[in-house]
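From just these sequences and the hints, can you work out the full model?
Chains as they are written, first to last, in the working numbering: chain A, 3 to 85; chain B, 36 to 975.
Calculated directly from the structure, the hints in this document are not laboratory data. Because the structure is a prediction, the values reported are computed rather than measured. Warning: the hint list may mix true and false statements.
Stated by the list, open to error - Heads up, incomplete: computed chain A residues facing chain B, CB under 7 Å, no partners named:
(1) R4
(2) W40
(3) Y59
(4) G63
(5) C64
(6) P85
Idealized CB from N, CA, C, for every residue including glycine.
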Amino acid sequence: MRINCPHCGPRGLEEFLYHGDATVKRPADGGAVPSKEWTDYVYLRENANGPHQELWYHSAGCHAWLTVTRDLSTHEILSVQSP
Amino acid sequence: MTARRLPTGGLIDRSKPLGFTFDGKSYQGYAGDTLASALLANNVKLIGRSFKYHRPRGILSAGSEEPNAIVELRDGAYREPNTRATTAELFDGLTAASQNRFPNLKYDLLSINSALAPLFAAGFYYKTFMWPAAFWEKLYEPIIRRAAGLGRNAGMPDPDSYEKSTEFCDVLVIGGGESGLDAAREAARAGGRVILCDETAALGGQSLSDGKTIDMTLPENVTVLTRTTVFGVYDGGTYGALTRLTDHLQVSSAPRQRLVKIIAPQSVLASGAIERPLVFGNNDLPGVMLAGAVRAYIHRYGVAPGTRAVLALNHDEAASTIPALTAAGINITGIIDSRTKTSDHLKTIAFAASAPIFTNATLNRALGKLAVSGAEIMLRDGATITLPCDLIAMSGGWNPALHLTSHLDGKPAWSEGIAAFIPGELPPGMRVVGAAAGEGINANIQPLWQSGKSSAKAFVDFQNDVTTTDIKLAKQEGFASVEHLKRYTTLGMATDQGKTANVNGLALLAQAKGKTISQTGTTRFRPPYTPVPIGALAGAHRGQHFKPKRLTPTHDFATAQNAVFIETGLWLRAQYFPKPGEGWREAANREVNTVRNHVGICDVTTLGKIDIQGRDAAKFLECVYTNSWTNLPIGRARYGLMLREDGFVMDDGTCARLSDHHFVMTTTTANAAKVMQHLEFCHQILWPELDVSFISVTDQWAQIAIAGPQSRDVLAKLIDAPFDVSNAAFPYMAAAQLTICNGTPARLFRLSFSGELAYELAVPARFGNALAQALTEAGAEYNITPYGTEALGIMRIEKGHPAGPELNGQTTAHDLGLAKLLSKKKDFIGRALSARPALIDTARPTLVGLKPIDGVTLLRAGSHLLPPDAAPTAANDQGHVTSAAYSPTLGHPIALALLCNGPSRLGDTIRVYDPIRNGDTLAEVVAPVFYDPSGSRLNA
Numbered sequence: 003m004r005i006n007c008p009h010c011g012p013r014g015l016e017e018f019l020y021h022g023d024a025t026v027k028r029p030a031d032g033g034a035v036p037s038k039e040w041t042d043y044v045y046l047r048e049n050a051n052g053p054h055q056e057l058w059y060h061s062a063g064c065h066a067w068l069t070v071t072r073d074l075s076t077h078e079i080l081s082v083q084s085p
Numbered sequence: 036m037t038a039r040r041l042p043t044g045g046l047i048d049r050s051k052p053l054g055f056t057f058d059g060k061s062y063q064g065y066a067g068d069t070l071a072s073a074l075l076a077n078n079v080k081l082i083g084r085s086f087k088y089h090r091p092r093g094i095l096s097a098g099s100e101e102p103n104a105i106v107e108l109r110d111g112a113y114r115e116p117n118t119r120a121t122t123a124e125l126f127d128g129l130t131a132a133s134q135n136r137f138p139n140l141k142y143d144l145l146s147i148n149s150a151l152a153p154l155f156a157a158g159f160y161y162k163t164f165m166w167p168a169a170f171w172e173k174l175y176e177p178i179i180r181r182a183a184g185l186g187r188n189a190g191m192p193d194p195d196s197y198e199k200s201t202e203f204c205d206v207l208v209i210g211g212g213e214s215g216l217d218a219a220r221e222a223a224r225a226g227g228r229v230i231l232c233d234e235t236a237a238l239g240g241q242s243l244s245d246g247k248t249i250d251m252t253l254p255e256n257v258t259v260l261t262r263t264t265v266f267g268v269y270d271g272g273t274y275g276a277l278t279r280l281t282d283h284l285q286v287s288s289a290p291r292q293r294l295v296k297i298i299a300p301q302s303v304l305a306s307g308a309i310e311r312p313l314v315f316g317n318n319d320l321p322g323v324m325l326a327g328a329v330r331a332y333i334h335r336y337g338v339a340p341g342t343r344a345v346l347a348l349n350h351d352e353a354a355s356t357i358p359a360l361t362a363a364g365i366n367i368t369g370i371i372d373s374r375t376k377t378s379d380h381l382k383t384i385a386f387a388a389s390a391p392i393f394t395n396a397t398l399n400r401a402l403g404k405l406a407v408s409g410a411e412i413m414l415r416d417g418a419t420i421t422l423p424c425d426l427i428a429m430s431g432g433w434n435p436a437l438h439l440t441s442h443l444d445g446k447p448a449w450s451e452g453i454a455a456f457i458p459g460e461l462p463p464g465m466r467v468v469g470a471a472a473g474e475g476i477n478a479n480i481q482p483l484w485q486s487g488k489s490s491a492k493a494f495v496d497f498q499n500d501v502t503t504t505d506i507k508l509a510k511q512e513g514f515a516s517v518e519h520l521k522r523y524t525t526l527g528m529a530t531d532q533g534k535t536a537n538v539n540g541l542a543l544l545a546q547a548k549g550k551t552i553s554q555t556g557t558t559r560f561r562p563p564y565t566p567v568p569i570g571a572l573a574g575a576h577r578g579q580h581f582k583p584k585r586l587t588p589t590h591d592f593a594t595a596q597n598a599v600f601i602e603t604g605l606w607l608r609a610q611y612f613p614k615p616g617e618g619w620r621e622a623a624n625r626e627v628n629t630v631r632n633h634v635g636i637c638d639v640t641t642l643g644k645i646d647i648q649g650r651d652a653a654k655f656l657e658c659v660y661t662n663s664w665t666n667l668p669i670g671r672a673r674y675g676l677m678l679r680e681d682g683f684v685m686d687d688g689t690c691a692r693l694s695d696h697h698f699v700m701t702t703t704t705a706n707a708a709k710v711m712q713h714l715e716f717c718h719q720i721l722w723p724e725l726d727v728s729f730i731s732v733t734d735q736w737a738q739i740a741i742a743g744p745q746s747r748d749v750l751a752k753l754i755d756a757p758f759d760v761s762n763a764a765f766p767y768m769a770a771a772q773l774t775i776c777n778g779t780p781a782r783l784f785r786l787s788f789s790g791e792l793a794y795e796l797a798v799p800a801r802f803g804n805a806l807a808q809a810l811t812e813a814g815a816e817y818n819i820t821p822y823g824t825e826a827l828g829i830m831r832i833e834k835g836h837p838a839g840p841e842l843n844g845q846t847t848a849h850d851l852g853l854a855k856l857l858s859k860k861k862d863f864i865g866r867a868l869s870a871r872p873a874l875i876d877t878a879r880p881t882l883v884g885l886k887p888i889d890g891v892t893l894l895r896a897g898s899h900l901l902p903p904d905a906a907p908t909a910a911n912d913q914g915h916v917t918s919a920a921y922s923p924t925l926g927h928p929i930a931l932a933l934l935c936n937g938p939s940r941l942g943d944t945i946r947v948y949d950p951i952r953n954g955d956t957l958a959e960v961v962a963p964v965f966y967d968p969s970g971s972r973l974n975a
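Right under this line is the structure:
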């Protein structure tokens, strides 16, 4: 697999680390209480059959976190953006 | 000239004879031969014994699809089992041996397995040898492996070297036959970079086997990689290829093979087609060959693979075998055309060769014991006749070599027109041309899946000994889907991956089910197309080169001090510094005693160091650490704890404030990269509005711990005036930038992992080794000693500091007694979920100290903790020992452990149970800080 890093150009998969769903948002309540919102944020993920926005880290490159839209059924990368 | 070598013709060089041995006997071949062609030229037809039944096997094909002629190549450590004689290029001095024979090829005692065939039917592993269970490992499996074993492993480290490379091109052309060459020329005209790969040594493909002359010219922008198999298609236009660099040479110090990753947005698959065997009785006898292979041996290698031949076919293209046989002086005793009507095309060619045609007839079985001596033909009326022959050339049609099209899940489609699977959905950017696309093959074909009605074994998968009976049996027993058939019969699961077997197998299954082939479906293919040595995948990454090695800045100093080194992650760290006569324990104990009473130095460069700057640096630290940072004064350091967002401890370390907007963070050695990644995530994704940036400076700064009651005295000798290191001016947890040794820039932190008065002194990495020497000289009068990770570990256990074994990803701040570091006034990573009831349950295993009741028995990390009288069961398990050591300071063994309800059980007795190493002793539960619990020595 190749990811077209907006800073470095297209690079091989081995330069990147996968993180996961890019659409989950960290609750803004300060986190005093372990609410359902928090457990959902940390644990609950959709397993999409199709395009999926996910975070990748260019660990062996520019250290940028990237939002990659990838079709999970084909591995086709539809877009790569800085978040 | 050898027995079957033709006087002229072929692409071999008759002026370059090559000597080789097979099963210890010497033979001669020529440059340009494969092992298979050279053996055939010497009239050697019996090459090996089959996998299950030990039946005699010869040479079926002339390419990488070969299932029968599987041999061991070379000797000693170079020995490579299960290689195909049909692809091994001959070189002078090549040694090869047959496989699966006992005691020798001609008289194989285990061919009795053939008589025991019912025992070895489909699924025999599952049906036989089932009872008693213990016999499987001890008796059945070794016997089966002995009997069915493939070639012998060399049993020694691979002496060859391998390398890897990455190539980029605009168009990758896979296959250097006529279609591939056309495609390469066409692609090159567009001006881009083109790579053309072919798995054999020469371009030309099937045309070489058919004696055809084709246009071989290529423009300059085509890079040709011969002896290169493209074995896999991966995402994003990535292809895996293997180039055999020196396999065709006798001796070479150059790398043997190269793993090539090819990046190509577009590719053209021109991999040709693979001929289908006919399935008739004894179709595995040496002397039964694919018709295309017969042509290859005649045209490409100048070998006549027989003297009298029967040709069996069901399509027109195989007719080209007739003139080839005639040209090689091989008499054709019969052409068996299974079609209901023989085409005019075949008739014309056969007539010219005066070869009799038997229309609507089928091969019933091959006759002969170790080689073909005749062919039994079933005529259209059911009568059988026998034709004398020593060669049966057969063709059941061709299968496009579409394997690569299905590596990304593309499903081949059945074409009724050519009775073959053709490529279905293609990998992005791939185009298929020529025979691989089903073009120009199987003219006027009339499929024939089972030839004749003989009760003799008719093989579908030669390499795994799967017969027509096995397929019918599998269907009968309910294993009737293609995937089940494959696993139950092992059809297509040998090293040849069923290249000649799969389609025949599927067709026979479809027949047995009374369905069409498209209804029955097909399995898909996975990489690799042909076997890839593990050595090639490893490349240079083997032995000590498996991972990069990181040396500390004081490595030379440590080596000179007789250090024994230990790998910690990628780092090589000094473990202990033995004096003459000392083992590791004596050395470590002496080092601890010296630090506790005098002074010692230890390289701590390996801890991750992250430089953090920006107006919001302190605010950012508040987010990632559980404790508070905005109130940290300039010139002070603080211990910090990081959680993961799920509330468990991720890492710990110290962080010092050098100026209002400038901090230096340390991480554990193991988590340095992970923490860096985490900080980048927190900044770029969670809090991009914060003005902060950071960079790893682990490699830029050498850092040395100076620990012990006399550390200040030693340090004072190196520090440039007017810097004051007195306790009042530079107290515990102070931090400063200064110069040492007449102007060398340095950073000084008053931190202590040992529990003694201690400092960490950092200098630019290039001065690290000199600093260690300077400290050693300055400390000579105080008996200074370097100390390693053993002494470091003992002292941190004496002080009850959690480290790797306690920060194991499953512990919380509460578990480690660090709950007071969880700020209640701010948000931080992990705050919410660390407060989950189960994570703050006091019954959780919590950090305690242990000391043996008898005062002498060593406790071992990993031991389980049980109530003293409880049975050693998982239900009674109350925790485990995380870190253990003999404390030279206290004079008895100590340990840190995670124990249920730990802090409330101080003074209790607990059983320390270690059944794997026969450990079973009682220990007293104590507070985790064994040494100087008040911390008075830190502040001295």
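A quick look at each hint next to the structure:
1. Evaluation of the R4 of chain A hint against chain B yields a held restraint, the C-beta minimum of about 4 Å falling below 7 Å.
2. About 4 Å separates the beta-carbon of W40 of chain A from the nearest beta-carbon of chain B, less than 7 Å, and the hint is met.
3. The closest approach between the C-beta of Y59 of chain A and any C-beta of chain B is roughly 6 Å, which is under the 7 Å cut-off, so the hint is satisfied.
4. Taken as an interface hint, G63 of chain A does not check out: its beta carbon lies about 12 Å from the nearest beta carbon of chain B, beyond 7 Å.
5. Violation of the interface hint for C64 of chain A is found here, the shortest Cβ-Cβ separation to chain B being roughly 10 Å, above the 7 Å cut-off.
6. Restraint check, P85 of chain A versus chain B: the minimum CB separation of about 6 Å is within 7 Å; hint holds.
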